[in-house]
Amino acid sequence: MLTIKNLVFSVTEQQDDSGEARKEIIRGLDYSFTQGKFYAVTGPNGSGKTTLGKLIMGIHVPDSGEIIFDGRDIVKLSISERAHLGIAFSFQHPARFKGMKFRDLLAIAAGTDDKEVLRRILLRVGLCSLDFLDKEVGSKLSGGEIKKVELATTIARNPRLAIYDEPDTGIDLWTIGPMVDLLKKERHEHGTTTIVVSHNEKFLEAADEVILLKDGAIAHAGTFLETLPMLKDLDLCSFGNICQEVTNARCYR
Amino acid sequence: MLDAIDKNLLKAVADLETIPKGAYNIRKNGRLESRNVTANIDIVTNEDNSGIDITVAPGTVNESLHIPVILNQVDLLDVVQNRFFIGEDADVIIIAGCGIHCGSDKPEGHTGIHEFYLKKGSKIRYVEKHYAAGPGSGKRTLNPVTKVFLEENAHAEMDLVQIGGVDRADRKNEAELGPGSSLLITEKVMTDGKQKAVSNNRIILRGKDSRAELISRSVIKGNSKQDFFGSIEAYAACYGHLECDAIVMDKGTNETVPALRSFHPDAELTHEAAIGKIANDQLMKLMSLGLDYDEAVNRIIQGFLQ
Chain A
1 MLTIKNLVFS VTEQQDDSGE ARKEIIRGLD YSFTQGKFYA VTGPNGSGKT TLGKLIMGIH
61 VPDSGEIIFD GRDIVKLSIS ERAHLGIAFS FQHPARFKGM KFRDLLAIAA GTDDKEVLRR
121 ILLRVGLCSL DFLDKEVGSK LSGGEIKKVE LATTIARNPR LAIYDEPDTG IDLWTIGPMV
181 DLLKKERHEH GTTTIVVSHN EKFLEAADEV ILLKDGAIAH AGTFLETLPM LKDLDLCSFG
241 NICQEVTNAR CYR
Chain B
254 MLDAIDKNLL KAVADLETIP KGAYNIRKNG RLESRNVTAN IDIVTNEDNS GIDITVAPGT
314 VNESLHIPVI LNQVDLLDVV QNRFFIGEDA DVIIIAGCGI HCGSDKPEGH TGIHEFYLKK
374 GSKIRYVEKH YAAGPGSGKR TLNPVTKVFL EENAHAEMDL VQIGGVDRAD RKNEAELGPG
434 SSLLITEKVM TDGKQKAVSN NRIILRGKDS RAELISRSVI KGNSKQDFFG SIEAYAACYG
494 HLECDAIVMD KGTNETVPAL RSFHPDAELT HEAAIGKIAN DQLMKLMSLG LDYDEAVNRI
554 IQGFLQ
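As they're listed, the protein sequences go chains A and B. In this text, residue positions in the first sequence follow the working numbering: the first is 1, and each later residue adds one. In this text, residue positions in the second sequence follow the working numbering: the first is 254, and each later residue adds one.
Hints listed in this document are in silico derivations from the structure and should not be mistaken for laboratory results. Do not take every clue at face value.
What the hints assert, rightly or not - One-sided and incomplete, this derived list gives chain A residues near chain B with beta-carbon spacing under 7 angstroms:
hint	residue
1	Phe89
2	Ala95
3	Phe97
4	Ala109
Built from N, CA and C at the ideal position, the CB exists for glycine as well.
Generate the whole structure from the sequences, applying the supplied hints.
Here it is as structure tokens:
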């Protein structure tokens, strides 16, 4: 349902010698995602995981390459056009809105302000209290609460392809298990193709396929058990170039 | 008689489709249009004929008072001075507002001075909306002045809104709080084109355990300018908070000057202030929910001024 062909994305970087240079974040990436499967994208910091998700949603525009969704190249489509095609993105650090109630945000996501529809979405994501709808999506929400809001607005879209960027950030350890179950249930009941960007083993275990990114390219793709040895491979450690120069360095990974 | 334009203005500033139930006083072009009093809420024209005195009997609850002002007379600069005397333990809602319809190139304006005297344990919720419209190019001025005096354990909640179409606004809010009393002022102002609005605020926390919160939300579009000056002074063990946020769009400008002045060691005063454009992460989020850029901007502004 989603095929990525030779995708390249770079940013301008300031150099020490006062010049500017292009740095490639995604370097000629190719991959095909199958309808209804659960994918986990993992890899060291700076490997391009979040960038890949944002390129699919249209938040970043690639230098070159194709993103084929249901047989159509969507590279030139805007974020909202992609949203209308059924792509949804759950942000790692969700935006907060002064004055906007959760009810308003959820109504935008669901395309209706019908109370019963909103109530059913809340139940679907395990938010039992209807009072939560009247909370402002502002600075007073805790880290865990804002992530639940983010999750609910993503699921409310009934997306065909849902991308979750580090959904466990700010969530307590006891909530991660139910969150994994929720995403699996959504995939099972609604056939949602699910891509989760995460370091968390629980998401990697749940995935049909784990995609391991390193330096903007796919280092390995396979089942969790197949990928496990690669995850432990020291070559993937982003601190390698620091600790290799130090005698008796302790590994903090 | 109220014509169609008057009715539109009344709807915009006071949400009134018809003549309200309960006590009301409608002022049109500097004169009394109609009035109703109730057993508990009395309205009389004041001695120098410059406005009205409203007296709410002690213990009055579940009653509301509407006092809208409408203007469509060319070259009229209406000044009105109203006083509100709220009896002990009363709890009422007051809906005020001024609507200007300008049909010529001549200026029209209104200065409304409202003084509130709240007795022990009384409560008010005061809603004031200002709005101007019409095809004329005449300058529309609205200069509201609000003064609040709270006795022991009194509580006032004030929503002050300037919706749009006002060319010049010189806004003043002043309050003095007695022991255990509390005040929440929320001021929301939107300007566009070449409009200018200035808001001056001074809150004096005089009594022990008094609490005041002043929240200002500004949306500054086009080449408009809005300035906000807010000061909270504390003379007792009390709590005060000042929050001022401005969203600047296009080429608008803003000066925000919050001031906290403590004259008592147990006073707790805080403030937060921010001026900036609409945050990119908010736009991205709403667009990822299917809104286009303009819809996303509108929803963010709507929420901000809600």
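Which numbered hints fail: The structure conflicts with no hint, since it agrees with every one listed earlier.
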